[in-house]
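Here the protein sequences come in this chain order: A and B.
If you read the first sequence in our numbering, its first letter stands for residue 1, the second for the next number, and so on.
If you read the second sequence in our numbering, its first letter stands for residue 1, the second for the next number, and so on.
In case anyone wonders, no lab produced these hints; they're calculated from the structure.
Keep in mind the model is a prediction, meaning the values are calculated, not measured.
There could be a bad hint or two in this list.
What the hints assert, rightly or not - Derived Cβ-Cβ restraints for the label pairs, each shown as a range:
# : chain 1 : residue 1 : chain 2 : residue 2 : range
1 : B       : D73       : A       : D134      : 51 to 61 angstroms
2 : A       : A206      : B       : G182      : 20 to 30 angstroms
3 : B       : A241      : A       : N158      : 19 to 29 angstroms
4 : B       : G81       : A       : G172      : 19 to 29 angstroms
5 : A       : T168      : B       : G68       : 27 to 37 angstroms
Claimed, not checked - Within a straight-line C-alpha distance of at most 25 angstroms, the following computed SDA-like cross-link-like pairs (lysine to any residue) qualify:
#  : chain 1 : residue 1 : chain 2 : residue 2
6  : B       : K208      : A       : T111
7  : B       : K214      : B       : D163
8  : B       : K114      : B       : K208
9  : B       : K50       : A       : T111
10 : B       : K88       : A       : I190
11 : A       : K229      : B       : K88
12 : B       : K50       : A       : P194
Glycine included, C-beta positions come from ideal geometry on N, C-alpha and C.
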Amino acid sequence: MMIKTASLAVFVLFSCGSAASRSFVHRSLLHSQQDGPQAEVGVLDPLPYFTTALEPYIDNATTTIHHDKHFNTYVVNLRYLVGNNSQLSGFTLAELQEQVGTDLVNGTAATTLKNSGGGAWNHAFFFKHLAPADTPESQFETAATDDLKSAIGAAFGNFSNFQKQFTTAAAGVFGSGFAWLVATDNNVTITTTPNQNNPLQTAIAATTNTTAGIPILSVDVWEHAYYLKHQSNRAGWLTNFFAVINWVQVSENYQYAAAGGVPATAPGPMLTLSTT
Amino acid sequence: MSGMEAHAEGMQASSAVPVDKLPPLPFAVDALEPYVDKRTMEIHHDMHHKTYVTKLQAAIGQAPALKGKSLEDLNKAVGTGDIPSDVKTAVRNNGGGHWNHSFFWKLLAPADSKSADYQAAASDDLKKGIEDGWGSLDAFQAKFDEAATSVFGSGWAWLGLDDAGKLVISTTSNQDNPLMKGLVKDAHKPILGLDVWEHAYYLKHQNKRPEYLKSWWHVVNWAQVTKNYELAMAGKSPATA
Numbered sequence: 001m002m003i004k005t006a007s008l009a010v011f012v013l014f015s016c017g018s019a020a021s022r023s024f025v026h027r028s029l030l031h032s033q034q035d036g037p038q039a040e041v042g043v044l045d046p047l048p049y050f051t052t053a054l055e056p057y058i059d060n061a062t063t064t065i066h067h068d069k070h071f072n073t074y075v076v077n078l079r080y081l082v083g084n085n086s087q088l089s090g091f092t093l094a095e096l097q098e099q100v101g102t103d104l105v106n107g108t109a110a111t112t113l114k115n116s117g118g119g120a121w122n123h124a125f126f127f128k129h130l131a132p133a134d135t136p137e138s139q140f141e142t143a144a145t146d147d148l149k150s151a152i153g154a155a156f157g158n159f160s161n162f163q164k165q166f167t168t169a170a171a172g173v174f175g176s177g178f179a180w181l182v183a184t185d186n187n188v189t190i191t192t193t194p195n196q197n198n199p200l201q202t203a204i205a206a207t208t209n210t211t212a213g214i215p216i217l218s219v220d221v222w223e224h225a226y227y228l229k230h231q232s233n234r235a236g237w238l239t240n241f242f243a244v245i246n247w248v249q250v251s252e253n254y255q256y257a258a259a260g261g262v263p264a265t266a267p268g269p270m271l272t273l274s275t276t
Numbered sequence: 001m002s003g004m005e006a007h008a009e010g011m012q013a014s015s016a017v018p019v020d021k022l023p024p025l026p027f028a029v030d031a032l033e034p035y036v037d038k039r040t041m042e043i044h045h046d047m048h049h050k051t052y053v054t055k056l057q058a059a060i061g062q063a064p065a066l067k068g069k070s071l072e073d074l075n076k077a078v079g080t081g082d083i084p085s086d087v088k089t090a091v092r093n094n095g096g097g098h099w100n101h102s103f104f105w106k107l108l109a110p111a112d113s114k115s116a117d118y119q120a121a122a123s124d125d126l127k128k129g130i131e132d133g134w135g136s137l138d139a140f141q142a143k144f145d146e147a148a149t150s151v152f153g154s155g156w157a158w159l160g161l162d163d164a165g166k167l168v169i170s171t172t173s174n175q176d177n178p179l180m181k182g183l184v185k186d187a188h189k190p191i192l193g194l195d196v197w198e199h200a201y202y203l204k205h206q207n208k209r210p211e212y213l214k215s216w217w218h219v220v221n222w223a224q225v226t227k228n229y230e231l232a233m234a235g236k237s238p239a240t241a
C-alpha cells in the first residue's frame, strides 16, 4: 500500500490550521491530524453536480429535496446545537461524531448531537461520493485506485461479490439507516447503522451492532432517499445507486482511512457530465 | 345467528386479524383523498403491509412453537423469552408491522363520513377522557402532533389507556408497539396510532411531516377510537379486523 506522503502532508497542514482555536489535547483521537478537510459545522454546501445530473438513477426531485430539505435540516439543527452548547465549538464535523455518546453534552443535546450531528456528516459524506453516470468517476474499473481494488478483492473476492454483500446489508436495514463500507485496521468491511448514526460514533457503535471504523462508502436507505422514484422497492434503489458512485472519491476516502484519517467532507470541484 | 346474538358476540371480543392474512382496507383506496392520496394507500397496503404478513409467515414457518398464537399474543411476547432467538427480530419487526397496520387501517375513515366527525362519533366517555388528559381536543392534538413530530427515523405515535385508566400519548420506533411490554418503556393498551414512517406520507408531503399530521386528523375514525377505548376499559384488545 503506497502512502503518498507529499499530498498527505498538505492535508495534515490544512486540517491543523482549520482548528487552530483548539489545542490538540481537546482532540479525542490523534488521527484527527490525518483527516481530510471537513465541511464547516453549520454550513450547507452545494452539491458538486446539478440536481438533474444523477438522472435517471436518482431523480431530480429526490436529489433536490434530499439536499435542500433533509440535509439542510440536520445542518441547521447542528448549528443551533453548537451555538447553544459552547463545549461543542472548536470541533470539526468529523470530531463531533467521536463525541457522540461521551459526556461532553447530555440529555436532549446528546440526542441532537447524535441525530443531527450524524445527519450533517452523513449527508456531506454521501453526496460527495456520488457522480453522474457516464462520468469517468462513476466507472469502477478505470476510476478506482489499485489500492481500493486490492482492499475490495481481499475482503470480498471480487467487485461483484462486494456489490452483492453491500446490497444485502443495505436491504436488511430495518427502518431508517445507512449501510457502510468501513476501513478498520487494514481491512475493509461492511456494516450498518440505524437512523443517522455512523461508524465514526465509536462510543455507541456496539449498542447497534455497528463495526466502528472509517467510512469509505455509504448508502442512505431512509425512505426519503428513494421513495419518490422507487416507493417500496429498496432493491431497485440499491441497483441504481451503484451506477452513480464516484469511485475517485471512494478511492480518496480509502487513502485517508488507510492513513488513519477521516475522509474529506468539504466541497471539492464541480463534476460535469462528459461530453461524449 | 340473530342480530342480537351477533351483537353480544361482538362485545365479547374485538375482531382480530389472522396472523397469515392481509386484511382488506375498510374503504376504497381513494376514499381518503385528498388527505391521504390513493397511491400511498395502494402501496402502503399492497406492498408494505403485505410484506410484513409474508415475512411473518416465513418466521413462524421456522418456529413451530409459535404456530397457532394470535397476532396479538405474538406482539405481547416480543421482548420476553417466549420467542425463539433465531426468529425474535423477524417476529418483532414483521409481527409488529402486521399488527400495527391492521390496527391503523381501521382507524381511518373518509373525511366526510360521520365516523371522522369527532363531535358526532366520539363517545362522551372518550371526550371526557381527552378533556381530563389535555383540557381540550385541540390541546390533545397539539401534544399528539408534538410526539409524532419528535419520532426520529421510522416509528409510530400512539394514544392508549394505561393501567391506571388514564389516556397517555407515547411513541415507538420502527414497528414496535405498546403491546410489546417486554421492550417498550410505555406499554399501554393502544386505542389510536399514527404511522410516521416516511412511506406513510412521502409521495404527497415529502419531508413535511407536520403537513401529513394536519391532513391525517381529517380522516381519523373516531367511531373506531371510541370502540377501542371501550374495549380497553373492559380489559379487551382493540380491533385489527
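Structure-based check of each hint:
In this structure the hint that D73 of chain B and D134 of chain A lie 51 to 61 angstroms apart at CB holds, the actual value being about 54 angstroms. For A206 of chain A paired with G182 of chain B, a C-beta distance near 22 angstroms keeps the hint of 20 to 30 angstroms intact. Our hint of 19 to 29 angstroms for A241 of chain B and N158 of chain A is violated, since their Cβ atoms are close to 49 angstroms apart. One distance hint, 19 to 29 angstroms for the beta-carbon pair G81 of chain B and G172 of chain A, holds here, with the actual separation near 25 angstroms.
Checked against the hint of 27 to 37 angstroms, the pair T168 of chain A and G68 of chain B passes, with Cβ atoms roughly 32 angstroms apart. For the hint linking K208 of chain B to T111 of chain A, the alpha-carbon distance of about 21 angstroms falls within 25 angstroms, and the restraint holds. Taking the CA atoms of K214 of chain B and D163 of chain B, the gap is near 30 angstroms; set against the 25 angstroms cutoff, the hint is violated. Proposed proximity of K114 of chain B and K208 of chain B is contradicted: the alpha carbons are some 28 angstroms apart, above 25 angstroms.
Using a Cα cut-off of 25 angstroms, the hinted pair K50 of chain B and T111 of chain A is violated, with the two alpha carbons roughly 33 angstroms apart. For the hint linking K88 of chain B to I190 of chain A, the alpha-carbon distance of about 23 angstroms falls within 25 angstroms, and the restraint holds. As the CA atoms of K229 of chain A and K88 of chain B are separated by approximately 32 angstroms, the hinted pair breaks the 25 angstroms bound. For the proposed pair K50 of chain B and P194 of chain A, the alpha carbon gap of about 23 angstroms is at most 25 angstroms, so the pair holds.
Violated hints for the displayed structure, listed by number in ascending order: 3, 7, 8, 9 and 11.
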